[in-house]
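Spelled out from the first residue to the last, the chains are:
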Amino acid sequence: AQSVTQLGSHVSVSEGALVLLRCNYSSSVPPYLFWYVQYPNQGLQLLLKYTTGATLVKGINGFEAEFKKSETSFHLTKPSAHMSDAAEYFCAVSDYGGSQGNLIFGKGTKLSVKP
Amino acid sequence: DAGVTQSPTHLIKTRGQQVTLRCSPKSGHDTVSWYQQALGQGPQFIFQYYEEEERQRGNFPDRFSGHQFPNYSSELNVNALLLGDSALYLCASSREHYEQYFGPGTRLTVT
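So the protein lines, in turn, are chains Y and Z.
Sequential numbering of the first sequence, starting at 79, is according to the working numbering.
Sequential numbering of the second sequence, starting at 7, is according to the working numbering.
Next comes chain Y alone, as it looks inside the complex (with noise of 0.2 Å):
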């Protein structure tokens, strides 16, 4: 069965640092790797995906994703963090493509940036 381990409920970075937020997978198929934001009192929003071909994905405001086979890992990660990146933020992954398959969901981390 698929599942999916997010290291650290809470991270915090100061504006300007790195921001690294870990993801590990479990898929007896081929992965299909996703990542979301959720703002307060918000939905969920697509920040990047993996399906296939280059391992590395860039996605919107300035995240990238590096999916590792040998790993299991699809981490995040964000060269400088801004206030507004402020949110709590969710890896899934998915047997098929997202439309098809259900996406199984890690806890979630939640990221603070201090000024």
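For the record, the hints were derived by calculation from the structure and aren't laboratory data.
Note that the Cβ used here is the ideal one computed from N, Cα and C, for glycine as well.
Certain hints may be false.
[Claimed, not checked] Stretch-level coverage of chain Y by chain Z, calculated; a stretch enters the list once three of its residues show a Cβ under 8 Å from a Cβ in chain Z:
#	segment
1	123-135
2	180-192
[As the list claims (entries may be wrong)] Calculated lysine to aspartate or glutamate pairs in the DMTMM-like style (CA-CA distance at most 25 Å, straight line):
#	chain 1	residue 1	chain 2	residue 2
3	Y	Lys127	Z	Glu105
4	Y	Lys185	Z	Asp91
5	Y	Lys136	Z	Glu102
6	Y	Lys146	Z	Glu105
7	Y	Lys185	Z	Glu105
8	Y	Lys127	Y	Glu166
9	Y	Lys127	Z	Asp36
10	Z	Lys32	Z	Glu58
11	Y	Lys147	Z	Glu105
12	Y	Lys188	Z	Glu105
13	Y	Lys127	Z	Glu102
14	Y	Lys136	Z	Glu105
15	Z	Lys32	Y	Glu166
16	Y	Lys188	Z	Asp91
[Claimed, not checked] From the derived model, a few chain Y residues whose C-beta atoms are all more than 12 Å from chain Z:
#	residue
17	Arg100
18	Ser106
19	Glu142
20	Ser151
21	Met161
Since the structure of chain Y is already known, use the hints to place chain Z on it.
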């Protein structure tokens, strides 16, 4: 282009009651999925509708049921509400083989 919309925004119900939540998908999308997000947790898949039929279902009891209409909008029904059903209910829409777009959610409180 309107995104995914959900109604109502907030809802308060009493244990044992029934509730209906509604979702209108993004224009051009034909697939609707429902998720439950308990406080402090990631969303959990409830079920997915395509061509007016339930295509996949997560590990939720039969108290949770749904429907998809010819215009692709969808309803989520929960019967015999329990305190543990209190959560944010998220609707997501998509086209075949493309990523899911989420609505803002309906916050359900069961007292």
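Each hint tested on the structure:
no. : hint                  : verdict
1   : 123-135               : holds (count 3)
2   : 180-192               : holds (count 7)
3   : Lys127/Y <-> Glu105/Z : 9 Å, holds
4   : Lys185/Y <-> Asp91/Z  : 18 Å, holds
5   : Lys136/Y <-> Glu102/Z : 23 Å, holds
6   : Lys146/Y <-> Glu105/Z : 21 Å, holds
7   : Lys185/Y <-> Glu105/Z : 20 Å, holds
8   : Lys127/Y <-> Glu166/Y : 17 Å, holds
9   : Lys127/Y <-> Asp36/Z  : 21 Å, holds
10  : Lys32/Z <-> Glu58/Z   : 16 Å, holds
11  : Lys147/Y <-> Glu105/Z : 21 Å, holds
12  : Lys188/Y <-> Glu105/Z : 23 Å, holds
13  : Lys127/Y <-> Glu102/Z : 16 Å, holds
14  : Lys136/Y <-> Glu105/Z : 16 Å, holds
15  : Lys32/Z <-> Glu166/Y  : 23 Å, holds
16  : Lys188/Y <-> Asp91/Z  : 23 Å, holds
17  : Arg100                : 15 Å, holds
18  : Ser106                : 17 Å, holds
19  : Glu142                : 17 Å, holds
20  : Ser151                : 17 Å, holds
21  : Met161                : 22 Å, holds
In this structure, none of the earlier numbered hints is contradicted; all agree with it.
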